[in-house]
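Undergrad: Line by line, the protein sequences give chains A and B. Following our numbering, the numbering of the first sequence begins with 1 at its first residue and continues without gaps. Following our numbering, the numbering of the second sequence begins with 1001 at its first residue and continues without gaps.
Keep in mind the hints are simulated off the structure, nothing from the lab. Nothing here was measured: the structure is a model prediction, and the numbers come from that model. Mixed in with the good hints, there may be bad ones.
[To be verified] Which residues of chain A face chain B? A partial, calculated answer using Cβ under 7 Å:
{"id": "1", "residue": "ALA53"}
{"id": "2", "residue": "PHE84"}
{"id": "3", "residue": "SER103"}
{"id": "4", "residue": "GLN104"}
{"id": "5", "residue": "THR217"}
{"id": "6", "residue": "THR220"}
{"id": "7", "residue": "ARG221"}
{"id": "8", "residue": "PRO224"}
{"id": "9", "residue": "GLU251"}
{"id": "10", "residue": "GLY254"}
{"id": "11", "residue": "THR255"}
{"id": "12", "residue": "PRO259"}
[Unchecked claim] Straight-line Cα separation of at most 25 Å, DMTMM-like style, residue types lysine to aspartate or glutamate; simulated pairs:
{"id": "13", "chain 1": "B", "residue 1": "LYS1269", "chain 2": "A", "residue 2": "GLU229"}
{"id": "14", "chain 1": "A", "residue 1": "LYS177", "chain 2": "B", "residue 2": "ASP1123"}
{"id": "15", "chain 1": "A", "residue 1": "LYS176", "chain 2": "B", "residue 2": "ASP1002"}
{"id": "16", "chain 1": "A", "residue 1": "LYS322", "chain 2": "B", "residue 2": "ASP1002"}
{"id": "17", "chain 1": "A", "residue 1": "LYS396", "chain 2": "A", "residue 2": "GLU128"}
{"id": "18", "chain 1": "B", "residue 1": "LYS1269", "chain 2": "A", "residue 2": "GLU360"}
{"id": "19", "chain 1": "A", "residue 1": "LYS92", "chain 2": "B", "residue 2": "ASP1123"}
{"id": "20", "chain 1": "A", "residue 1": "LYS100", "chain 2": "A", "residue 2": "ASP71"}
{"id": "21", "chain 1": "A", "residue 1": "LYS208", "chain 2": "B", "residue 2": "ASP1002"}
[Stated by the list, open to error] Covered stretches of chain B (chain A as the covering partner; in silico rule of three or more C-beta atoms under 8 Å from a C-beta of chain A):
{"id": "22", "region": "1083-1091"}
{"id": "23", "region": "1118-1126"}
{"id": "24", "region": "1186-1192"}
{"id": "25", "region": "1257-1266"}
C-beta: ideal position from N, C-alpha, C; glycine also.
Here is what each chain is made of, one letter per residue.
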Amino acid sequence: MTKLIGMTPSRRSLLKGMAATASALALPGFVQAQSSAPIKLGFQLHRTGIGAAYGRWYERTTQAALKVMNDQGGINGRPVEVIFEDDGTDPKRGAEVVEKLASQAGCDAIFGPLFSHVVIGSAPRAGELQVPYLVCSEGFHVASGKLNRWTMQPGITDVRAQVTAMAPWVSQNLGKKVTMVFPDYAFGHDHRDYFTAAIAAQGGEVIKHIAIPPTETSFTRYLPQIPKETEVLYHVMVGPAVLTFVKELGEFYGTGARPEIFGFIDSLEAVDTASPGLEFLEGTHFWEGDCRVKQADASEHETFYRAAVGVDDNGASISDGKDVATYAHMFSCWETLFMIKAGMEAAGYQSTADRQKFVEAIEAMTTIPASQAHPQGDKVFNGKTHQVFGHQFISKVEGGKLMRVHTTSIEDGMYPDAVDYTTMSF
Amino acid sequence: MDFGPFLLLALMEGMVMAAVLALTAVGLSLVFGVMRVVNVAHGEFFMLGAVIAWFVTYYMPGPPAVGFAVALVVCPLIVGGIAALSDTLILKRLKYDPEATIVATIGLSYIFQQAALTFYGPDARPVLAPFDLRIQLPWFGYSGYKIAVVFAALAVLLAVWVLMTRTRAGLIMRATQLDRNTARAFGINVDRVYAAVFALGAGLAAVAAVLIVPIQQAHYLMGHDPLLLSFIVVIIGGLGSLRGTLVAALVIGLSDGVISVFFSPTLAKIMATLLVAMVLVFRPQGLFGAKP
């Protein structure tokens, strides 16, 4: 075979070329000025699975908050990017999503998950990867000390605070003998454990606990367990079948005698209170984290937030009146995003090397006034337990709409610290 | 609540479950009996029936009863069509080899589930019942529609029985079930019979789903539980025996209802699975199946 001189590279020149290319690639590319590189935030979204209804609204709220934030100049003058990844409302996949967002996408921080079992399954991975993990969950797991110093919940109050604040009103206005119906997993167990304690402190008693799997689709079979002596039926339910749960509750009681009913709006998030079959809810009360129906005294911040996300005065999407919002939970995404901004600006955040400073900056926060960044209301952040405390609302169904009848103070929901994360290492 | 009313509610819930389970399981049993094929995608045909019912009732103008009636006719036809297509395009090419069919139907179940997720979405959506009647007993209220479901399921099962025993089509199906080669020798187009049986099995699951969807909601993951329960029923009843399937559906449905109400639904599922294990150990052909 004829060797074409000069055209076929010799082995020596090939090796030289490879070495040159490798060293050229090892050199950093032109360094972009720090001030223009966007801040990348990862969002662990429940796009599919049992949390899909919440995920849809969490994404919309985050996109709205992101637009407001970028219009106002971003964080430290840098534009903000949010990368959404679906975790399927699954704990195992949640941990993989945390890994993907932190390692592959190079996010500065991750926020967004709601369902407690997913948070508990994903937070350890965030701790291992040393990435700030701000959950929008409500579970007591953050403040319980179960998780790690990288995990915080600065945008939404937790169940223990919520039920502690509810117990006095329930025992004074509805009754003292309570039967609780709750989903049989971490979030529901928080309700079970802390409401039982809170109502006992008020001189009441939970006479029956009925735990239902969050994936359940048929609820009538549980309802005969409700004792006859029940004065108050306390219900909180999650998952795709919540409408079925509430409907079957109505069918079971029918026109017969029934106890007073106190529910958490979780049982009806993304469901229209005026749906057929829900007429029996008229006159019953619900806990709301944020009032779905625009109240007469709504602040300008609330009005701005509502319009930015695209929710009408009844709590449904402006573009589709049948698409009801998860209004009591989604504000957590808006407020958490603005907490991230506040923390990064206080820490002088430049790059992922400053993640620890960012967490410490948030731990240093205390009172948070109501503002455009915090439309749900003023709050108090506990840096030791990584949990924020705020107002809770009780609403009554009147004419098919939820109208607020009571607002709790922030102190109503406080409880002794169970942990001090600031003494833990990162 | 006292024991008597407790038991009554348990039995009523059990009957509703047994009715829907019977319809779904009969579909599965037919497919196995005639085609000797294990259809893992059966649960997804059930789900497709519910999802298509939502589309039909959503876009159909007029009172809910009209939309529901149309769905009851249209959904089994569409789902049956999809099933017949799956059979002709995929299962036939595999020559109904047992292992290959299981793998192929698992693949089909993923395709259907993801298609539902893509076009219908991840939410559970309600379908209005054709009528809104509440029966008020002295101890509890009960949905009149649920009671109607039991009667509707009975009617459909009766129709299936008439089809299998009194019509020529049923005769051809039973002949093919008995001996495929001899049937072919008699001039029966076995491939067409197989497609028709597969379609009928899927159609029955779809009917069950349309009946149940006003009680539950249509959700893209709703096919899992019916699949599991149908298999349990078909194994206990005996593969290929319709009578066995009906008896087993009644037993499983009622026991599930009673155990769920008096103890817990998890215990009911444990008992059902335990029963399957017992049957497989002591009487592998099932209650009414032919001895292996």
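Undergrad: Would you mind marking each hint as holding or not holding in the structure?
TA: Do the hints match the structure? See the list:
no.: 1; hint: ALA53; result: 6 Å, holds
no.: 2; hint: PHE84; result: 14 Å, violated
no.: 3; hint: SER103; result: 27 Å, violated
no.: 4; hint: GLN104; result: 23 Å, violated
no.: 5; hint: THR217; result: 5 Å, holds
no.: 6; hint: THR220; result: 6 Å, holds
no.: 7; hint: ARG221; result: 4 Å, holds
no.: 8; hint: PRO224; result: 5 Å, holds
no.: 9; hint: GLU251; result: 5 Å, holds
no.: 10; hint: GLY254; result: 2 Å, holds
no.: 11; hint: THR255; result: 5 Å, holds
no.: 12; hint: PRO259; result: 13 Å, violated
no.: 13; hint: LYS1269(B) / GLU229(A); result: 30 Å, violated
no.: 14; hint: LYS177(A) / ASP1123(B); result: 35 Å, violated
no.: 15; hint: LYS176(A) / ASP1002(B); result: 23 Å, holds
no.: 16; hint: LYS322(A) / ASP1002(B); result: 41 Å, violated
no.: 17; hint: LYS396(A) / GLU128(A); result: 45 Å, violated
no.: 18; hint: LYS1269(B) / GLU360(A); result: 49 Å, violated
no.: 19; hint: LYS92(A) / ASP1123(B); result: 21 Å, holds
no.: 20; hint: LYS100(A) / ASP71(A); result: 28 Å, violated
no.: 21; hint: LYS208(A) / ASP1002(B); result: 16 Å, holds
no.: 22; hint: 1083-1091; result: violated (count 0)
no.: 23; hint: 1118-1126; result: holds (count 5)
no.: 24; hint: 1186-1192; result: violated (count 0)
no.: 25; hint: 1257-1266; result: holds (count 5)
Hint check: violations occur at hints 2, 3, 4, 12, 13, 14, 16, 17, 18, 20, 22, 24; the rest are consistent with the structure.
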